[in-house]
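Following the hints, put chain B in place on chain A, whose structure we already have.
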Amino acid sequence: MKPSGRNTFMHSLIAGTHCMQRIMAALLMLTLLSTPATGTADEAQRTEYRIKTAFLYNFSRFVVWPEATLQGRSKFSLCTLGSTLFGEQLDTLTGKTVHGKTLVVKRFDRPEDILDCQLVFIGQSDELGETIWILKERPVLTVSDAAAFTEKGGMIQFKVVDNKIRFRINVDAARAAGLTISSKLLSLAISITGAR
Amino acid sequence: MNIRDLGKVSIRWKLTLLIVTISTVSLLLASVAFITSDRINTQQTASNNLHTMAEIIAANSSAALLFGDARAAQETLGFLKAQQHIQAAAIYGMDNTVFASYRKPGIAIKFPESGIQTENTLFRGNHIELSTHINYEGEQIGIVYLRSNMKAIHDRLIWFLGIVTAVLLVSVLVTFMLSTRLQRIITDPLLRLSAIARQVKTEKNYSLRVLGENEDELGNLIIDFNTMLDEIQSRDDELSEHRAMLEERVMQRTSELEIANSKLASSKEQAEAVARRMEYHAHHDALTGLPNRILLNDRITAELAHARRQHGMVALLFLDLDRFKIINDSLGHAVGDQLLRVIARRLGNCVREEDTVARLGGDEFMVLLPRISGSSDAGRIARKVIDCLLDPISCGGNELHITTSVGISIYPYDGTDAETLIKHADISMYRAKELGRNKAVYFTAEMNAGSRKQLALENNLRQATAKNQLKLVYQPKVDIFRNTIIGVEALLRWEHPTMGMISPMEFIPVAEDCGLIVPIGEWVLNTAFTQLKQWHKAGYTDLTMAVNLSSAQLSRPGLEDVVAKALQAADLDARMTELEITENVAMENLEPAIAILEKLKNMGVSIAMDDFGTGYSSLSYLRRLPVDVVKIDQSFVREIPDSHEDVLIAQAIIAMAQSLNLSLVVEGVESVRQLNFFRQQGCNVLQGFLFSKPVEADEMLRMLAAQSAPGTVNLVK
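Chain order of the listed sequences is A and B.
Position 134 (the first sequence) corresponds to 173 in the working numbering; numbering is contiguous.
Position 360 (the second sequence) corresponds to 390 in the working numbering; numbering is contiguous.
Hints listed in this document are in silico derivations from the structure and should not be mistaken for laboratory results.
Taking lysine to aspartate or glutamate pairs in the EDC-like style, the calculated list, with each CA pair at most 20 Å apart, reads:
1. B:Lys497 with B:Glu552
2. A:Lys203 with B:Glu105
3. A:Lys223 with B:Glu105
4. A:Lys140 with B:Glu167
Derived list of chain A stretches under chain B, where covered just means 3 residues or more per stretch with a C-beta under 8 Å from a C-beta of chain B:
5. 95-105
6. 222-233
C-beta atoms are modelled at their ideal positions from N, C-alpha and C, and glycine is treated no differently.
In isolation and in its complexed conformation, chain A is listed as follows (with noise of 0.2 Å):
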C-alpha cells in the first residue's frame, strides 16, 4: 500500500511534511549510531527524547484502531499525561498524517482529559493505575516509560538496553481496547506480554 501514489493532490500538499520527516530521521540516526559519550546529560536526555518521539510517531503508524474511533475525526490525538521530558520536541509531530488524520500534540495533566486521545504517552504520574483503569478497554494506545508498565496494563513501554532505545509491549492490554498491533512491530519488541 502507497498511498502517495494514490493521489497526487494530497501527495503534493504532505511533501513538505515528509521532507521534514526525512530530516528528522535521519537525524535520529545519526544520534542512535554516533552517540556522543561526551555529551552532557541534558544533551544525552534530549537525544533520547527526540528518538521516542519518533518512536511515537511511528507506534502510531503500526497500531490499528477500530473504525469508529478514527470515523469523523479529522485529528489524531497524540496526548501526553502529566509531565514528561520530550519538551518542545513533541511539537515537531503537529501536522504529520497519521491512519489519513491530522496529528495533533495536546498536553494533559488529568487522566479524565486523555479519554478522546488515540494515543497516550504517560509521564510521571503517581496516578499510573488509575489511568491505565481509566483507559482500560478504551481504544486509546497507552505508552510510557514506566518500569512494569506492560505488567500494569500498559501497551508499550520504552526500554532502554544496550544504549538503545527499545521496547516492551503488552498484546492483550491493546487487543482489550480494541487496537490491533502490527506484527512488524512485535518482531521489534523485547517483549512481549499476553497470549500470543
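Then chain B, alone, in the frame of chain A:
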C-alpha cells in the same frame, strides 16, 4: 572452400551443400534468437525474483528501519542464506549508511556507499545489482541493495548452448542425409539429361530420348530437349535423305557425263557417224528421203557408163507438179510438205525397182529409168507415173487433186552426159506444161534451140537490170540472248511487171549462163554495202551485212577486187561484211574457191557456209575452206523439235561448229519451240520468219529504230 572452386563440384554436392548450409544457418539464427530471447527472459525472471526478494526485505525491514533496530533488520536478511545466488545484501538508511548487511560466506564485497538512491537493476557481467527503496506508507525510509551472481543464468546459457550444438549437429547430419536423397529429385533428371546429351554428342545418335515423368520445369526441360532432338532427328533424316538424293543425282550426272564422255571420247566414231549421217543427208532429200540431185547425178553417171558399155538406153523423167505453188501458198508449208512426202512415196511405188526417184527441190522430181529397151518404155512409165498421182490425196483435211507434167530425155538420143540429159528433160517438161499440163513430152531437137523460157528470162533479165526491176530485201539475224538485231542478209528479188515475183532460183542460173551474173553481182554488192553504210550512219554501227555469192561469181577471177571496190565505194569496214557461199558452190571448184575465199578473208570479210548440211558437207572439205560462219539450213530446222533425227543432226552440226570454233547461224526459225530448242543448245544467232520475213530497207530501218527504243520490243513475234 573458395567460391571459384565450387564451380568444379558436381551439382549434387552443390545442392547438398546448399541445403545443409541453409538449414544450418536458419537453425543457427533460430538458436541465437531462442537463446537471446531465453536470456532476456531469464534475466527478466532473475531481475523479478531479485526484486521480489528486495520487496520482501523492504517490507520486513521497514519497521526495523523506522525503529532503528539493526538487529531486527539483520534478521530480515537471514533468509538469504538459503539463496545460493545471492552474494550480498544491504539495507541502507536515509543517510546512505549501511543499516544492515549480509555477505555470502567466502565472498568479499565492498558495499557501495553512495549513488544508490535511485531504484535500478544493473547487470554487470557476472552479477546483478539491484537497489530498491524501502517505503513505509508512501514515505521512503531506506534502500535495499541486493547482489546476485549470474551463475544460474550462465549455467542455463551453457546448457542451452550445449543443447543447441547437439541439435545443430544432429540436424546437420539429418539434413545432409535427407538432402543427399532429396537433391536427386532435381539432379537425377538433370544428370539423365546431361548423360543423354553427352551420348547424343558422342554417338551422333539423335534417336535417343530422355525419360522423364515430372511435370515441373525440369519435366518441361526434358520435353523441350526431346522435342529438340525430334527436330534435329527429322532434320538429320531430311539431310541424309537430301544427301542420298544428291548422291543419286551426282551418280546420275556422273553416268550421264560418262555417257557423254564416252560419246565424246569416241569422237572419231562420232565424227564418222556424223559424217555418215551427213553423207546420207548430202545424198538424200531431207523432206522426202528421196535421193537428191547429187546422188541422182552419181547414179545417172553410173548408169550412163553402164549403158555406154552395153549399148543400152537410159531415160530421164523430169516431173513438175502442176499448180503446187498455189497449194503451198494457200494451204501452207506444212500441207505442201506433207503432199510432197505422199507423192514421193507414190512415185517410189509406181516405178520399177531399179529405177531411181529423186527430188530436185521444190516440186521438181526426177526419175532415172536405167536399162530400158526403147523410147516407148519411157513413155509408158511416164504415163504410169502421171496416173499414179491422179488419185486424190487427202492431206490436212483436204482432198487434193494433183496433176503433173513430165519431160522425157533419152540416152543416147537426147544427150550423152547427165547435165545435158537433165537439161533436156527440164526443157521438155516446160513443153509439157505449155501443152496443157498433166502430160508427158519427149525431148525434140527443136526444143533445145528454142528453150523459150530461158530466152524469155534472159531477155527480161537484161531489161530488168536496166529498168531497176531488181531490188534487195533484207532479213534480220537476231541475237536471241541479247534480243537485238546484229546483222542482215541481203536477198535479191526480181519483181517483173507482168510475170510477178521471180525467184532467184529461177533467174540466177539464167544470169550465170548468159554472163549477166557479173553486173548483177556487182550491183548487189554495191547496193548492199551502200545500204549498210547508211544504216551505220543512222547509228546502227554494229550491224553486219551478209551477201550471197553464186558459183559463177566465185569461179571468175577478180572477185576480191570487186568486193574491195564495193567496200571502198561504200567506205565500209570489211569486218562488217559477210559473204555467203553454198556448199555446192565451193565444192564445184574447190581449189580456186579456197584461194579466193582466203583472199577475201584476209581483207577482213567473213565467210559463211550457207545451207549447211544439204550439199557435200564433208568435214575434211569444211576444214580446208576458210569459213567463219556456218548456217544451219532451214530444211533441218523445220521439224525441230518433233523430228528426233533432225534434232540429232542439228545437235551434231552445233557440236561440230563448236569443235571447229565456227560461228553458227540458224536459218528458217519459224516457231517458238524451235527458238527454245536452239536457245537450249546455246545458239544465239537465229534468222527466220519468227523474227521477220525479208523486208525492204525502209522497213528494216523502222525495225532497227523500234528495237533501239528502250526495253519495249520483243523481236519474237
